[in-house]
Amino acid sequence: MKTTTLKLALAGVLGLSSLSSLAATELENLMKDDNQWAHPRKDYANTGYSRLSQINKGNVRNLKMAWSFATGVNRGHEGAPLVINDVMYVHTAFPNNVYALDLNDNQKIIWSYFPKQDPSIQALLCCDSVNRGLGYGDGKIFLQQNDGKLVALDAKTGTKIWDVQVVDTKKGASNTNAPHIIKDKVITGCSGGEYGVRCYISAYNIKDGSLAWRAYSTGPDSEMLIGDGFNKENPHYSSLSLYEDVNGGNKEGGSFKALTKDQLKFPEKELGTRTWLKPQAMQNGYEHGGGPTWGWYSFDPALNLMYYGTGNPGTWNPDVRPGDNKWSMTIFARDVDTGMARWGYQLTPHDEWDYDSMNEIVLWEAKGKKLATHFDRNGFGYTFDRTNGTLLVAEKMHPFVNWASKVDLKTGVPIKDPKFSTHQDYNAQGICPSALGVKDEQPSAYSPKTGKFYVPLNHVCMTYEPVESKYIAGQPWVGATLTMFAGPDGVMGGFMAWDGLKGKSVWYNKEKFSAWGGALVTSSDIVFYGTLDRWFKAVDAQTGKELWKFQVGSGIVGNAITYSHKGKQYVGVLSGIGGWAGVAMNLGLSNETDGLGAAGGYKELTKWNAAPGGGGMNVFSL
Amino acid sequence: MMKLRYIALLAIALPYAGNAGISLVSTIDNKPLAIPGAMFDTPAAKEFMSSGKNTYLGNADAIKTGKKIFQMYSCTACHGAKGEGAVGPNLIDDRWNYTKNANDQGIFETIWAGTAGGMGAKGAGAMVPDDPTQGLSPDEVLKVVAFLRSNAVKH
Chain A
137 MKTTTLKLAL AGVLGLSSLS SLAATELENL MKDDNQWAHP RKDYANTGYS RLSQINKGNV
197 RNLKMAWSFA TGVNRGHEGA PLVINDVMYV HTAFPNNVYA LDLNDNQKII WSYFPKQDPS
257 IQALLCCDSV NRGLGYGDGK IFLQQNDGKL VALDAKTGTK IWDVQVVDTK KGASNTNAPH
317 IIKDKVITGC SGGEYGVRCY ISAYNIKDGS LAWRAYSTGP DSEMLIGDGF NKENPHYSSL
377 SLYEDVNGGN KEGGSFKALT KDQLKFPEKE LGTRTWLKPQ AMQNGYEHGG GPTWGWYSFD
437 PALNLMYYGT GNPGTWNPDV RPGDNKWSMT IFARDVDTGM ARWGYQLTPH DEWDYDSMNE
497 IVLWEAKGKK LATHFDRNGF GYTFDRTNGT LLVAEKMHPF VNWASKVDLK TGVPIKDPKF
557 STHQDYNAQG ICPSALGVKD EQPSAYSPKT GKFYVPLNHV CMTYEPVESK YIAGQPWVGA
617 TLTMFAGPDG VMGGFMAWDG LKGKSVWYNK EKFSAWGGAL VTSSDIVFYG TLDRWFKAVD
677 AQTGKELWKF QVGSGIVGNA ITYSHKGKQY VGVLSGIGGW AGVAMNLGLS NETDGLGAAG
737 GYKELTKWNA APGGGGMNVF SL
Chain B
42 MMKLRYIALL AIALPYAGNA GISLVSTIDN KPLAIPGAMF DTPAAKEFMS SGKNTYLGNA
102 DAIKTGKKIF QMYSCTACHG AKGEGAVGPN LIDDRWNYTK NANDQGIFET IWAGTAGGMG
162 AKGAGAMVPD DPTQGLSPDE VLKVVAFLRS NAVKH
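Chains as they are written, first to last, in this note's numbering: chain A, 137 to 758; chain B, 42 to 196.
No incorrect hints appear here.
When the alpha-carbon atoms are kept at most 27 Å apart in a straight line, the in silico DSSO-like pairs for lysine-lysine are as follows:
(1) 555/A x 109/B
(2) 681/A x 193/A
(3) 109/B x 306/A
Chain A is nowhere near these chain B residues, computed Cβ spacing over 12 Å in every case:
(4) 72
(5) 75
(6) 77
(7) 82
(8) 86
(9) 91
(10) 93
(11) 94
(12) 98
(13) 99
(14) 102
(15) 139
Since the hints were derived computationally from the structure, they do not count as laboratory data.
Note that the Cβ used here is the ideal one computed from N, Cα and C, for glycine as well.
Could you put the whole structure together from the sequences, leaning on the hints where they help?
What follows is the structure in structure tokens.
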């Protein structure tokens with residue numbers, strides 16, 4: 137299996153090398169051109185940073201809506217459009233329609249694409265029928281439909297060039313991620329952590345949609361593309377067991393004590409199977425081990441490494457999957473040509489709270505070091521040496537994080553607090569953060585000018601009760617019930633600037649609700665982001681002071697972008713409330729505990745939004 | 042195909058309730074539901090088939106078991122821990138996507154064979170077409186309903 141994949145990958149690379157380098161060059165040039173927004177987070181490094189500076193602190197108060205575009209689709213509009221050579225490509229929530237708008241002709245529709253998807257697919261989408269956007273490369277627009285189909289469309293005409301089925305919806309898998317074009321590959325993920333799907337990340341050849349490589353999140357090393365040299369500099373990341381059981385471990389009253397470095401046994405192989413200790417809920421737990429990969433993928437061309445995170449192990453009931461459950465909750469660095477893993481670090485071993493690690497990894501440099509920073513759902517902000525995965529910083533993003541006291545930098549293992557360990561048929565109280573995380577998918581931005589990160593945040597805690605549940609292919613397999621409520625600050629969200637070297641917030645603003653929209657930062661030191669109560673805001677990157685705001689039609693869960701057209705700078709954001717935070721409202725729920733517990737705290741959203749949230753693109757200029 | 046033939050054969054061989062009983066229809070298309078009569082194998086299931094009444098309502102043991110089943114089949118994923126709704130509709134208020142769900146026969150039909158709105162069939166033989174051993178028995182459906190009704194909130 138592995139050799140075939142590798143041979144195919146090699147053949148693909150050799151056969152297409154001349155064409156692919158052209159395609160890569162075109163996209164890389166577009167990324168460098170600040171008039172464009174050609175990649176989901178603008179560049180390979182996932183910065184969400186633009187050098188455009190026409191809109192500055194002196195004039196930002198004069199921003200006016202330039203135009204808007206209603207998508208005709210309701211519910212959560214995550215992600216952002218692409219802007220390439222005076223055309224804006226807009227995607228929608230399910231059924232994932234695509235519109236190409238001509239910026240040279242009053243945003244007239246050049247072409248549109250309407251996928252035909254079975255409505256029952258919506259039932260597979262745990263957290264609203266979202267889609268996080270499009271990819272561009274080789275003259276093609278790429279759409280990853282919710283039903284698992286990856287489609288390549290001619291960017292000029294919208295004509296379908298090829299399509300391929302990425303995941304099996306019959307097994308409960310689906311897709312919500314944006315396809316990311318890296319060199320001559322289309323990288324795409326997998327959703328289904330709540331359906332017992334064994335997820336993977338896939339690379340398709342941009343020319344014809346043939347599979348270049350696929351790496352599973354769990355299972356044998358050969359299927360995870362883990363080989364020699366993996367975790368070479370940090371062999372302790374490949375330990376068989378990071379904790380010892382206290383009071384029986386996986387049962388009520390039990391907990392897990394982190395081992396010290398001299399107690400760890402490493403390096404070990406085949407951890408994707410061997411850290412699923414017996415007895416599992418299923419015969420081989422890893423076969424339904426989850427590890428979804430629906431985040432934002434970054435890439436370092438010099439190292440030829442791509443970075444992404446994996447999500448929760450299946451099921452949410454930790455007692456029935458003893459062991460560290462590798463490689464769920466892991467950040468991987470992989471060679472983008474072969475898929476082989478260079479390093480992998482598990483952030484939340486043996487997860488007990490649904491703290492997925494699929495949030496973005498942002499690449500940056502400081503003090504001559506190649507770094508990577510990641511804000512995890514588990515509430516810690518991490519900075520790594522991205523060449524080899526060495527953990528440099530792991531600090532709480534907010535003091536309310538209580539499931540762990542700290543991360544031991546020597547081992548990389550979080551020191552769990554036994555008080556917040558979760559067990560079957562026991563309703564654990566007061567766990568912070570909630571499963572939504574201190575931050576979820578809403579991406580942060582990084583400014584090389586200020587050297588700081590700008591991070592949208594949740595401030596929500598939870599109760600968590602694991603329960604027995606039965607795996608049946610294609611059916612939900614959750615295994616816990618939870619309720620969510622506002623954190624100790626008395627609000628449900630926040631927004632902060634973060635120093636990635638010190639692991640400290642520089643400034644912190646409270647937000648009434650989760651800030652579920654992705655951030656943009658510009659070289660004029662302005663940060664843009666949207667909120668669930670419909671505000672699109674500009675704040676000062678140095679101080680967090682609000683400089684401007686405008687209220688759009690529905691709550692914002694999309695990412696802010698900027699581009700310029702005919703010499704004029706524009707900023708824009710999708711509106712349309714939804715996603716995990718807004719899903720309850722979209723379904724018209726109003727009880728305290730509605731919506732995976734989300735509606736209770738978010739109940740007041742109904743005072744700010746019509747439901748379901750209507751999708752739209754909002755564009756502003758001076 | 043396999044499944045259709047299987048169920049059709051069973052339905053012919055074991056008609057489920059005779060003239061005196063209720064007739065069940067699918068919430069999706071209103072067509073008759075072919076559930077083998079032998080599956081109504083408890084006093085409560087038999088009573089339901091003859092009168093449409095759920096004798097488990099208010100029965101503490103049945104409610105407790107119903108809760109377990111509700112969790113076991115991850116109904117909680119879409120409908121919340123108590124049926125209060127999450128990504129799927131609220132099942133304990135008085136607003137229904139299908140008004141018949143307010144009565145015991147209606148909600149039984151909806152759970153058994155699913156809806157066109159994303160809810161998959163949960164009845165044995167209907168849930169996983171090629172594996173009739175998966176899914177809820179009629180008796181289990183009645184217990185789940187008893188659990189949901191016990192959580193009902195009046196607005």
